[in-house]
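Using the sequences and the hints given, assemble the complete structure.
Respectively, the protein sequence lines represent chains Y and F. Position one of the first sequence corresponds to residue 9 (this note's numbering), numbered consecutively onward. Position one of the second sequence corresponds to residue 1271 (this note's numbering), numbered consecutively onward.
Rather than coming from a laboratory, the hints here were simulated on the basis of the structure. Keep in mind that this is a model prediction, so the values were computed, not measured. Positions of the beta carbon are idealized from the N, C-alpha and C atoms, including for glycine. There could be a bad hint or two in this list.
Below, a sample of chain Y positions facing chain F; criterion: calculated Cβ distance under 8 Å [claimed, not checked]:
#	residue
1	V156
2	F176
3	A279
4	E285
5	E319
6	A320
Restricting the straight-line Cα-Cα distance to at most 27 Å, the calculated cross-link-like pairs of lysine-lysine (DSS-like) are [unchecked claim]:
#	chain 1	residue 1	chain 2	residue 2
7	F	K1290	Y	K168
8	Y	K171	Y	K231
9	Y	K41	Y	K117
10	F	K1272	Y	K171
11	Y	K23	Y	K117
12	Y	K41	Y	K92
13	F	K1290	Y	K242
14	F	K1290	F	K1272
15	Y	K168	Y	K231
16	F	K1290	Y	K171
17	Y	K71	Y	K41
18	Y	K242	Y	K231
19	F	K1272	Y	K168
20	Y	K171	Y	K242
21	Y	K242	Y	K168
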Amino acid sequence: MTPERFDSWLTVDRKGLFCRPGGFHIDPLAGAKRAIVTHGHSDHARPGHQHVLATRETLAVMKARLGAQAPASSQTVRYGERVKIGDVAVTLVPAGHVLGSAQVVIEWKGVRAVVSGDYKRSADPTCAGFELTPCDLFITEATFALPVFQHGDAGEETAKLLKSHRQFPDRAHVVGAYGLGKCQRLIALLREAGYDRPIYLHGALAECCALYESFGVRLGDLKPATGAAREELKGQIVLAPPSAIADRWSRRLPDPLTAFASGWMRVRARARQQNVELPLVISDHADWRELTETISETGAEEVWVTHGREEALLHHIATTGRKGRALALIGREDEDQ
Amino acid sequence: MKAFAALLDRLSYTPSRNNKLRLLADYFAATPDPDRGFALAALTDGLFFGLPLRRILTDLVTSRVDPVLFGLSRD
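Here it is in structure tokens:
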């Protein structure tokens, strides 16, 4: 194994990305012996690993969500803390994606590789901001890797929601938001914009909100939507998982106006397919500009693309004179798109 | 212009006639002349462009954007 040939020591097997000299996988499919997990979304934090190294927040999410399938043993590391695994040094660095999310910095024989995990560069009051780490090999996500994806300012999208809320004071505004990350970020954005009324939650979102609050993220007055009287929900903002906004659950709300907070709302056809009346382009992933600028800022000579729209990003990487490679990891993109 | 674009966006996603009327009423109440006059004309087919707008827009984009990325984005 030579450190300069990245694929001699960082390989892809049927469980996913594997670091041979360290003997660990990163965000592997179920049942790895030793795993480093970047964040708690279900397509990255899989059940049934023997040993997991992650941030305290990510381990708490895994414990809450996986129950008996949570890792048998675990090691907590702080952001910036350098730990040795065999001959390899590993450091977790904030990725700015959701609470506890991390990039994995791997150093071996003087060569540095960074696995971005899912990340974003824009501000998010509910998690630590992305930190750039110069490296030789950058392994990036590509969820929104097309130039059409420009997420814009999340504050302006929140203002759209509040404007609609003023225009239609009798309608319940039901907003689809993924349970881990997006939901809490949207609540924090509403609070930043001065919205101090209670925010109503679908039952599936309550646990993650409580977990965020236990880590010191203040979300204000939250109330359960299930069980609340129809009259009480008139003119309120109600958050629900995306699967619930179009089904029977939301039809019992008073004259519901359906919104959805997602990077995919940039695509008109997506919003229409889901009968969304108020699409809000709020994403926890890097958009095209963030992806391409980050690649350039890392100074990496080689870039690997894990999952998403690899083709466009590989084309861009080639135009910058870097070597690019698609890893085509399977089983991604289940959650928080 | 931005307010008018935002209005068109909302109208295109709003199925109910009454809710569309609410959006229109709010826009006309909040927008000064001459913008709201142009908006009214545009919404009622009162503006005529003797230009192939779609082709002009495509030409503008292709002169600025990488053709491969443009193709992938349209796909």
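>> For each hint given before, does the structure comply? Return the numbers of the non-compliant ones in rising order.
In response: When the structure is compared with the hints, none of them turns out to be violated.
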